[in-house]
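If you read the protein sequences in the order shown, they are chains A and B. Under numbering that gives the first Met the number 0, the residue at position 41 of the first sequence is numbered 40, and the numbers go up by one with no gaps. Under numbering that gives the first Met the number 0, the residue at position 122 of the second sequence is numbered 121, and the numbers go up by one with no gaps.
Because the hints were derived from the structure by calculation, they are not lab data. Please read all numbers here as calculations on a predicted model, not as lab measurements. One or more hints might be untrue.
Which copy is meant is left open, because identical chains are indistinguishable; a pair holds if it fits in one copy or across any two.
The list that follows gives simulated cross-link-like pairs (lysine to any residue, SDA-like), each with its CA atoms no further than 20 Å apart [claimed, not checked]:
#: 1; residue 1: K97; residue 2: L113
#: 2; residue 1: K97; residue 2: F118
#: 3; residue 1: K97; residue 2: E75
#: 4; residue 1: K15; residue 2: A42
#: 5; residue 1: K97; residue 2: I73
#: 6; residue 1: K97; residue 2: I114
#: 7; residue 1: K15; residue 2: R76
#: 8; residue 1: K15; residue 2: S51
#: 9; residue 1: K15; residue 2: G117
#: 10; residue 1: K52; residue 2: R76
#: 11; residue 1: K52; residue 2: A4
#: 12; residue 1: K52; residue 2: P16
#: 13; residue 1: K97; residue 2: L71
#: 14; residue 1: K97; residue 2: G117
#: 15; residue 1: K97; residue 2: A42
#: 16; residue 1: K97; residue 2: T120
#: 17; residue 1: K97; residue 2: E116
#: 18; residue 1: K97; residue 2: R119
#: 19; residue 1: K97; residue 2: E121
#: 20; residue 1: K97; residue 2: R128
#: 21; residue 1: K97; residue 2: N57
#: 22; residue 1: K52; residue 2: Y26
#: 23; residue 1: K97; residue 2: P115
#: 24; residue 1: K97; residue 2: Q122
#: 25; residue 1: K97; residue 2: S41
One letter stands for each residue in the lines below.
There are 2 protein chains.
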Amino acid sequence: MELTAPLRYLRAHGVKPSAQRLAVMHYLLEHRTHPSADEIYSALHPTMPTLSKTTVYNTLRLLTENGAAVQLTIDERNVCFDADTSPHAHFLCTRCGKVYDVPLANYDLERHALIPEGFRTEQAAIYYRGCCEHCASENVATC
Amino acid sequence: MELTAPLRYLRAHGVKPSAQRLAVMHYLLEHRTHPSADEIYSALHPTMPTLSKTTVYNTLRLLTENGAAVQLTIDERNVCFDADTSPHAHFLCTRCGKVYDVPLANYDLERHALIPEGFRTEQAAIYYRGCCEHCASENVATC
DNA sequence: CGGTAGAATTGTAATCATTACAAATTGGTT
DNA sequence: AACCAATTTGTAATGATTACAATTCTACCG
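Based on the provided sequences and hints, a complete structural model is requested.
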């Protein structure tokens, strides 16, 4: 039961499974916190001591290239990843650094912008920055 | 006449002018190519040999903090900057790396997403990735 | 079963953007 | 001219990501 979902996910996106790929996919599916490559590595390394950081980077690239995950460039420090590939926006709290999912009012992202003829869009992202509710109530001064 | 616009721009956003700040602001206003800090430094350094890269970074941070420019995280390699702070989207061509401006059909960015109560939005960005018209006609194979 | 080719993984070293920091310079004020 | 604060500079550090060559794994074939 434990690894069923990751395996299905990889197969559905044409990614050949391996212990490392299943572990990364599993982590992404279980932790919807938009982790960075380093966070994933640090979380998996204790229980999978042979895992290398390069493999985590390679796997994440493979997953995003095959549509099994999405990479977010909302945080200028490092890229982070999301196993939820359905259309939704993201909100980065610049105080605590958390990235929140935000549902879209209108699912047709491309219709928002007037992209010129001849341009082929492959990906769309909507990013918000600001102060999340938790930080706003914690620290009134800076919010 | 040459530096009038940059000076006005800095003053309008409460940034105390200096030769370096005017040069960076001037470059951003003249080059709507969404340059990175390094591109700006490389372009200005020949005619301003004492300019340091740290100053370019410091100045860009100052400009964005004061609303005289916007920083884009559309390119995962490096942050880039735009002197046009009016609401518009951006399109990154993953082939040639160019960032294009894209007008918005609906100027109210925040209304697109259902941001939860208590969250305070300070910035919104819409990013597209894909293949631009020029690259599409150049190289049919990869587009 | 054992051998083998190709793919996947690993670890280390390099790269590259960005930041930290302390020293030097500049600008405005008395 | 003298002084304080702000700005700039150069160098060194940091930190994420990638390059690369060596090792290990996997699937297939005899």
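Taking the hints in turn, this is what the structure says about them:
1. For the homomeric pair K97 and L113, the shortest alpha-carbon distance between copies (17 Å) is at most 20 Å, but the shortest distance inside one copy (31 Å) is not.
2. In this assembly of identical chains, the alpha carbons of K97 and F118 lie at most 20 Å apart only when taken from different copies (12 Å versus 33 Å within one copy).
3. Taking the shortest alpha-carbon separations for K97 and E75, both the intra-copy value of 13 Å and the inter-copy value of 18 Å come in at or below 20 Å.
4. When the C-alpha separation of K15 and A42 is checked against a cutoff of 20 Å, the pair qualifies neither within a copy, at 23 Å, nor between copies, at 46 Å.
5. Taking CA atoms no more than 20 Å apart as the test, K97 paired with I73 passes in both settings, with 11 Å inside one copy and 19 Å between copies.
6. In this assembly of identical chains, K97 and I114 lie within 20 Å of each other by CA distance solely across copies; the values are 15 Å between and 31 Å within a copy.
7. Taking identical chains as interchangeable, the C-alpha atoms of K15 and R76 are never at most 20 Å apart, the minima being 30 Å within one chain and 28 Å between chains.
8. In this assembly of identical chains, K15 and S51 lie within 20 Å of each other by CA distance solely inside one copy; the values are 18 Å within and 48 Å between copies.
9. In this homomeric assembly, K15 and G117 never come within 20 Å of each other (Cα to Cα): the closest approach is 34 Å inside a single copy and 43 Å across copies.
10. Proximity of K52 to R76 under the C-alpha cut-off of 20 Å is found in both arrangements, the shortest distances being 17 Å within a copy and 19 Å between copies.
11. In this assembly of identical chains, the alpha carbons of K52 and A4 never lie at most 20 Å apart, being 23 Å within a copy and 48 Å across copies at closest.
12. In the homo-oligomer, the alpha carbons of K52 and P16 lie at most 20 Å apart inside one protomer (18 Å), although the nearest pairing across protomers, at 45 Å, exceeds that limit.
13. Taking the closest pair of Cα atoms, K97 and L71 come within 20 Å of each other both inside a single copy (13 Å) and across two copies (19 Å).
14. Proximity of K97 to G117 under the C-alpha cut-off of 20 Å is restricted to the inter-copy arrangement: shortest distance 15 Å between copies versus 37 Å within a copy.
15. Taking identical chains as interchangeable, the C-alpha atoms of K97 and A42 lie at most 20 Å apart only when both belong to the same chain, with a minimum of 17 Å there against 36 Å between chains.
16. In this assembly of identical chains, the alpha carbons of K97 and T120 lie at most 20 Å apart only when taken from different copies (14 Å versus 28 Å within one copy).
17. Taking the closest pair of Cα atoms, K97 and E116 come within 20 Å of each other only across two copies (16 Å); inside a single copy the shortest separation is 37 Å, beyond that limit.
18. For a Cα distance limit of 20 Å, the shortest separation of K97 from R119 across copies, 14 Å, qualifies, whereas the shortest one inside one copy, 31 Å, does not.
19. For the identical chains of this complex, K97 and E121 are inter-copy neighbours only, at 15 Å across copies versus 26 Å inside a copy, given an alpha-carbon limit of 20 Å.
20. Only within a single protomer do K97 and R128 lie at most 20 Å apart by alpha-carbon distance; the minimum there is 10 Å, versus 24 Å between protomers.
21. In the homo-oligomer, the alpha carbons of K97 and N57 never lie at most 20 Å apart, since the shortest distance is 24 Å inside one protomer and 25 Å across protomers.
22. Taking identical chains as interchangeable, the C-alpha atoms of K52 and Y26 lie at most 20 Å apart only when both belong to the same chain, with a minimum of 15 Å there against 39 Å between chains.
23. With identical chains, the CA atoms of K97 and P115 are at most 20 Å apart between copies only, with a shortest distance of 14 Å across copies and 34 Å within one.
24. For the identical chains of this complex, K97 and Q122 are inter-copy neighbours only, at 15 Å across copies versus 23 Å inside a copy, given an alpha-carbon limit of 20 Å.
25. Taking identical chains as interchangeable, the C-alpha atoms of K97 and S41 lie at most 20 Å apart only when both belong to the same chain, with a minimum of 17 Å there against 34 Å between chains.
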